[in-house]
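**Q** Can you build the whole structure from these sequences, using the hints too?
Protein chains in written order, with this note's numbering: chain Z, 186 to 583; chain P, 186 to 583; chain G, 186 to 583.
Treat each hint with caution, since some may be false.
What the hints assert, rightly or not - Calculated from the model, a selection of chain P residues having no Cβ within reach of chain Z, i.e. all distances over 12 Å:
| hint | residue |
| --- | --- |
| 1 | M215 |
| 2 | A217 |
| 3 | H278 |
| 4 | G321 |
| 5 | S439 |
| 6 | R468 |
| 7 | R489 |
| 8 | V531 |
To be verified - Estimated spans, in silico, between C-beta atoms of each pair:
| hint | chain 1 | residue 1 | chain 2 | residue 2 | range |
| --- | --- | --- | --- | --- | --- |
| 9 | Z | R489 | P | P411 | 19 to 27 Å |
| 10 | P | R468 | Z | E532 | 50 to 58 Å |
| 11 | G | A199 | Z | V201 | 52 to 60 Å |
| 12 | P | G467 | Z | W206 | 54 to 62 Å |
If you are wondering where the hints come from, they were derived from the structure by calculation, not from laboratory data. Where a beta carbon is used, it is the ideal one built from N, C-alpha and C, also for glycine.
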Amino acid sequence: MSNIKGKTLVDVDAGVHVDSWRVTNEDVGMAAPRWSVEKRTLRGGLSDGVEVVEVDNGALRYTILLTRGMSIWRGSYQGVELGWRSPVHGPVHPAFVNEMILGNLGWLAGFDEWIVRCGLYSNGAPGTDVLLDNNGNRREMSLPLHGRVANLPAHRAEVRIDLDPPGSIEVIGEVDESILFFQQLRLRTSISTAFGANRLRISDVVTNRKGQPGEMQMLYHCNFGPPLLEEGSSFLAPVRVVAPRDKISQEGISNYANYPAPVQGIIEKAFYFELSADLETGRTLTVLRNKRCDLACALRFSTRELPWFTLWKNPGAMSDGYVTGMEPGTNLPNLKSFERSKGRVVELPPGGSYSMTLDVEVGIGKETVERLSQETRKLQDMGTLTVRQQPAQPYSNV
Amino acid sequence: MSNIKGKTLVDVDAGVHVDSWRVTNEDVGMAAPRWSVEKRTLRGGLSDGVEVVEVDNGALRYTILLTRGMSIWRGSYQGVELGWRSPVHGPVHPAFVNEMILGNLGWLAGFDEWIVRCGLYSNGAPGTDVLLDNNGNRREMSLPLHGRVANLPAHRAEVRIDLDPPGSIEVIGEVDESILFFQQLRLRTSISTAFGANRLRISDVVTNRKGQPGEMQMLYHCNFGPPLLEEGSSFLAPVRVVAPRDKISQEGISNYANYPAPVQGIIEKAFYFELSADLETGRTLTVLRNKRCDLACALRFSTRELPWFTLWKNPGAMSDGYVTGMEPGTNLPNLKSFERSKGRVVELPPGGSYSMTLDVEVGIGKETVERLSQETRKLQDMGTLTVRQQPAQPYSNV
Amino acid sequence: MSNIKGKTLVDVDAGVHVDSWRVTNEDVGMAAPRWSVEKRTLRGGLSDGVEVVEVDNGALRYTILLTRGMSIWRGSYQGVELGWRSPVHGPVHPAFVNEMILGNLGWLAGFDEWIVRCGLYSNGAPGTDVLLDNNGNRREMSLPLHGRVANLPAHRAEVRIDLDPPGSIEVIGEVDESILFFQQLRLRTSISTAFGANRLRISDVVTNRKGQPGEMQMLYHCNFGPPLLEEGSSFLAPVRVVAPRDKISQEGISNYANYPAPVQGIIEKAFYFELSADLETGRTLTVLRNKRCDLACALRFSTRELPWFTLWKNPGAMSDGYVTGMEPGTNLPNLKSFERSKGRVVELPPGGSYSMTLDVEVGIGKETVERLSQETRKLQDMGTLTVRQQPAQPYSNV
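**A** Here it is in structure tokens:
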């Protein structure tokens, strides 16, 4: 039998709520390794009322935002910062985010996470879509940038610590994106890490709780600033096809894998990818590597679950959020109606689920980073690389 | 002199706020009957910060939502559940409700109450109306579905317990729907029940606190799922006229009073009524009765106060909120501009008030339920029944 | 060295938050003068969660709203009330304010302050402007009435009490109006008063924290009801030009400086001013004076910092907010696109700042009030007065 210590932190339906709580290796009589889990409620400013769980496995630390859809705010590995410095200083309570301002770009007012999910009903650009209203009429309605889940709180959260070697810390959360007559989607996430490990795993299941078929989209917006991002950093991935999102991105297609120093006033570019993957397992990886090739972060996922990938390059001034995003998704973050027309929207039957697993792995040291780089090359060698010079169908509707 | 114990729970202007409080029959030295009143503040998820008062008269229990306009969330009578199971798991704090999303249908993101008021300035379908802005210009503005009051918190709440036989529990609340240059409406509600009784009374007064005439609308959206609603349940009322709201509802006009088992993917239907009432008192009733005719819930009200009635039938899959609503109102929940054109908007002079009393009564046992059914038949016999086969003026603008 | 007692109340980035705190002259061993500073968090109704700092210098009291952009809610001097009685009973937590309702007039749902800033990116009438979106496209977007800063919380707040004679109380706050790809403006305010003084000083610095040039607007909306405002009250200022904002205001131009008793149903009027100022210092003042000329409130500011002035006259029924506003600003509160076309939008380079100092001074007694009146006359005598009879360019776009 496993030696698991469990703690329910939030269960709204059951009336359970723990405002603050902390457990460490010492609390359970372990001398080593050192680890801790802490639940807190932030106070003041835009963060007032945001509930967080801070995980420290002894080497890797990260902060999970219960109040923001189980996003991961910031992290660090052996003291190296993971995440980015957004002009928005959060974490931001959803009460301060109005998705509709600035032409449905209001999501940006709450955006400063390292890893934030875009979804669950829609995950792309803002714009209109045709939905069925309560009276059975087809009506044009606005979809907000990147969907709603990042601004919805978990109604249930639980910590499970497995004390048997190697030992692990798991945080489980449930978030409902549910509106009468519209979507009834539930995210059930498990975010876990082993004691001392250099990686965390996000295992998500999205379930259609409606008595009718329902649509779903997911994109993991994983964002990196310094020190991982710097002049000379590279993006590595086993690319089958890469295409610029739009005209501005087209200008950067020949150099999509490389990063400049901060450029004041630069406009973001985005590149859309189809990736190669291991033929048996379907798993692939993408890597962001610093200039000296001694620091990297890899995302590992299955192209069967997350077949589309977006690279977001926003190397603006440091103050403006010098940042890049590696974004595996069920689709590309175009307007949902376009994605639907390309068959890139997941349809779930009543009660149906969609599972996705994303591993986030940090590499320190030239050898480790080289191993990650080789991994991408090995998968790259399996197929041919096509670089689309211009934004075009079926990737973009330009 | 009466023996009343009073407790102010919230009075923002006076700086009074009680976070949690509880009193029972034992606390006041009464051996019997058993009753309790409890004030709590919910924590976590969408409910974080929602203030509730839970009333238990010994037989009837219900939860009043101070933070959601003094709605009644759920109830039970002798263990029989009253209310419904919405896809939304609330109660939902208004900070998580943006009325404007989904074409001004955002109200639905917070909707899971047993009894919720629609109003105070408008109470119907979303759409545009012409309002006077601060500069004296007539401008087209959006009205949200079902108005604002359900997402406004009470600034004052008080409990009054009358210990003299028969004994009663009253919760008084005040909610302001007030915006400079626009409506300045105050709801003053008293929600009361006698010890051990099978009923509660909602006595509302809406006052125009503006120095100018002001409009007001009110509709009591009283919602029932299982066990009251099931295949074979019936709606009983002394009907003078019934008309379908729209084309889809028209299909169900011949069978409007009966309920099917849950139907996956069904579109809601709505029926509009004029009811007969007691000639002297103006009082009438509507009843929802289960299949075996041994469980019923009746609404009692005056057609002088609430002359229009809507029956909402949404017997979708259980997961989608298998539910029906009995909805007495000052008007029909059409777009306000249409209601105004039919003279169905209340106009209040400066300082003027409008009073409404709604009794909610639960019947258990065949005899009790039969008595309620007879009551509707007796009033029915006073007049003739007209069934409009199609949506039409003056009920609907189709 | 000065004898300053400092206390950090909120510092979100540093994880500092003081829920409640109070210090008085006695706490620091001073027998006299009497003064106090108190930090509290309001609970219940629309005010739930609003953090306030209440300052009492022994004669002048005021409440600073940390959660509403460091607005000053209400005040009093020697027991005379300063501020007004809005139909909105606040202070209102921003979670209850949706800027977009009622055609982008939603700001009004939170408006009941004595002194509230309009800004930082825009400060005027609601309407559309053309902004650059994240993809580098120019898009039409809505600007809300009076901007966002009043509904943004301070992420940092600090009290500094100088115990050396004459002694003073300073509250420092920082508020960010920051959205990725859009404005990144920081307000740093110091609100200070000397022990026993009849005045407070608001010293604001707005900084463009973006790596690109950024626009900024500011207007101090200082609002007065009774007793300062009454039939026979006067507005005094050294006017160079006054112009009515619109057709309705035009009707009142000949009598712009005088106030009637409450008029039921009156439509607001607004007058736009250029003021004379001291040639050396650039300082000027405006005064609101009661009928008996024994009570006045003066605003002192520099026309070099705040070159445009608006007088808002809204002498409606007492219940509707009988009120006038003296509003020095960087511009006139027209739609931003119009102000930009007239060169009345501040452009800040990357890292650039704009400083503004506003003194608010209360005068009691005929002699004091006469001195203030003379001050305005003296500055008036420096120039000529032009009264525009009609709304017109360059003041209004009518």
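**Q** Does each hint fit the structure? Answer for all of them.
**A** The hints, checked one at a time:
For M215/P, the condition that its CB be more than 12 Å from all CB atoms of chain Z holds, with the nearest at approximately 27 Å. The claim that A217/P lies off the interface holds: its Cβ sits roughly 27 Å from the closest Cβ of chain Z, which is beyond the 12 Å cut-off. Separation of H278/P from chain Z is inadequate, the least Cβ-Cβ distance of about 8 Å not exceeding the 12 Å criterion. Non-interface status of G321/P relative to chain Z is upheld: no Cβ of that chain comes within 12 Å, the nearest being about 27 Å off.
Under the 12 Å C-beta cut-off, the non-interface status given to S439/P relative to chain Z holds; the minimum distance is some 19 Å. Distance check on R468/P: its Cβ is at least 32 Å (rounded) from any Cβ of chain Z, clearing the 12 Å threshold; non-interface status holds. Even its closest Cβ contact with chain Z, about 30 Å, leaves R489/P beyond 12 Å, as expected for a residue assigned away from the interface. Every beta carbon of chain Z lies more than 12 Å from that of V531/P, the smallest distance being close to 25 Å; the non-interface claim holds.
At roughly 40 Å, the beta carbons of R489/Z and P411/P sit outside the given window of 19 to 27 Å. Taking 50 to 58 Å as the suggested C-beta distance range, the pair R468/P and E532/Z conforms, at roughly 51 Å. In this structure the supplied range 52 to 60 Å is violated for A199/G paired with V201/Z, their Cβ-Cβ distance being about 31 Å. Distance hint for G467/P and W206/Z: a CB-CB separation of about 57 Å, consistent with the stated range 54 to 62 Å.
Going down the numbered hints, you'll see the structure goes against 3, 9, 11, while the others check out.
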